[in-house]
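Work out the full structure: start from the sequences and follow the hints.
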Amino acid sequence: MSVFNHTKSKDNDDQGLRKEKVLAETPITMRPGQLFKLRGEISGTKIAVFINDKKALSAHDATIPGGGAGYFVERGVCAFRETRIGAQTQSGI
Numbered sequence: 001m002s003v004f005n006h007t008k009s010k011d012n013d014d015q016g017l018r019k020e021k022v023l024a025e026t027p028i029t030m031r032p033g034q035l036f037k038l039r040g041e042i043s044g045t046k047i048a049v050f051i052n053d054k055k056a057l058s059a060h061d062a063t064i065p066g067g068g069a070g071y072f073v074e075r076g077v078c079a080f081r082e083t084r085i086g087a088q089t090q091s092g093i
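For the record, in the sequence shown the residue sitting at position 39 is 39 according to the numbering used here, with numbers rising by one throughout.
These are calculated hints, taken from the structure and not from any lab test. In this text the structure is predicted, and so the values were computed from the model without any measurement.
Dumping the calculated DSS-like pairs for lysine-lysine here, alpha-carbon to alpha-carbon at most 25 Å:
# : residue 1 : residue 2
1 : K21       : K55
2 : K55       : K37
3 : K46       : K21
4 : K54       : K37
5 : K46       : K19
Rendered as C-alpha cells:
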C-alpha cells in the first residue's frame, strides 16, 4: 500500500506532465475474498491510512494545499463499497 501525490506541470510545449512522489508505503498481504475496512485521514499536512481501524502507514506532505482521493490497483482486481469522502470532526492521526 502506498500514499503518494500527483502533480501536473507544464513543459515548454504546453503539454501536461504528471509527476508522482511516493510519500509512504508498506507491504500488505491480501487473499481473494478477504474484506478490509480501509480509512484515510488528512489533518493539515499529516496523512494516515488505517486498515481495520489500525494505523497502517502515515506520511507528511506540505507541498500542496489541497487535493483529492483515489484508488489505484497495480495488479489484480479490487472492489470497493461504501466509499465516502468528507469532513470529519475527529481524527485518529
